Amino acid sequence: MAKKSATERNARVERLAAKYLAKRQALKAVARDTSLPVEERFAAQLKLAALPRNSAPTRIRNRCKVSGRPRGYYRKLKMSRIALRELGSHGLIPGLVKSSW
1 MAKKSATERN
11 ARVERLAAKY
21 LAKRQALKAV
31 ARDTSLPVEE
41 RFAAQLKLAA
51 LPRNSAPTRI
61 RNRCKVSGRP
71 RGYYRKLKMS
81 RIALRELGSH
91 GLIPGLVKSS
101 W
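Residue numbering for the sequence shown follows my numbering, beginning at 1 and increasing consecutively.
These aren't lab readings, by the way, just hints derived from the structure by calculation.
Do not rely on the hints blindly, as some may be mistaken.
[Said to hold, decoys possible] Have a look at the derived ranges for each label pair, beta carbon to beta carbon:
1. Lys98 x Leu36: 37 to 45 Å
2. His90 x Arg12: 43 to 51 Å
3. Lys98 x Ala49: 28 to 36 Å
4. Arg59 x Gly88: 27 to 35 Å
5. Leu46 x Ala22: 17 to 25 Å
6. Thr58 x Lys4: 15 to 23 Å
7. Gly91 x Glu14: 30 to 38 Å
8. Gly68 x Leu36: 39 to 47 Å
9. His90 x Lys4: 43 to 51 Å
10. Arg32 x Arg9: 26 to 34 Å
11. Glu39 x Leu77: 45 to 53 Å
12. Leu46 x Lys98: 53 to 61 Å
13. Ser5 x Pro94: 46 to 54 Å
Since we're looking at a predicted model, the values are computed, not measured.
C-beta: ideal position from N, C-alpha, C; glycine also.
With the hints as extra help, turn the sequences into a complete structure.
Quick look at the structure:
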């Protein structure tokens, strides 16, 4: 079996997180509600723990849309610093001027 790339894995985690979002929020609300009995809250915690690990939104890694690089990521542009510099050098990003001194 071929090894899958990190960007494919990240896309799969994003799909799982979107699929289980409502269920996770409902279970977390029950688990945090102190007016409910302890047994009910604990049962909600167990159900939450039984969900797939990759359905947690915290497991999604910000990755560059151009190169897939996880480091040096600018959230506003959704790309890494290296891809930004490369596109800026070619004049493909409006308003960005590369300067050197």
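So, going through the hints one by one against the coordinates:
no. : hint                      : in the structure
1   : Lys98 x Leu36: 37 to 45 Å : 58 Å, violated
2   : His90 x Arg12: 43 to 51 Å : 32 Å, violated
3   : Lys98 x Ala49: 28 to 36 Å : 49 Å, violated
4   : Arg59 x Gly88: 27 to 35 Å : 31 Å, holds
5   : Leu46 x Ala22: 17 to 25 Å : 19 Å, holds
6   : Thr58 x Lys4: 15 to 23 Å  : 21 Å, holds
7   : Gly91 x Glu14: 30 to 38 Å : 32 Å, holds
8   : Gly68 x Leu36: 39 to 47 Å : 43 Å, holds
9   : His90 x Lys4: 43 to 51 Å  : 31 Å, violated
10  : Arg32 x Arg9: 26 to 34 Å  : 30 Å, holds
11  : Glu39 x Leu77: 45 to 53 Å : 48 Å, holds
12  : Leu46 x Lys98: 53 to 61 Å : 54 Å, holds
13  : Ser5 x Pro94: 46 to 54 Å  : 30 Å, violated
Consistency note: the structure conflicts with the earlier hints numbered 1, 2, 3, 9, 13.
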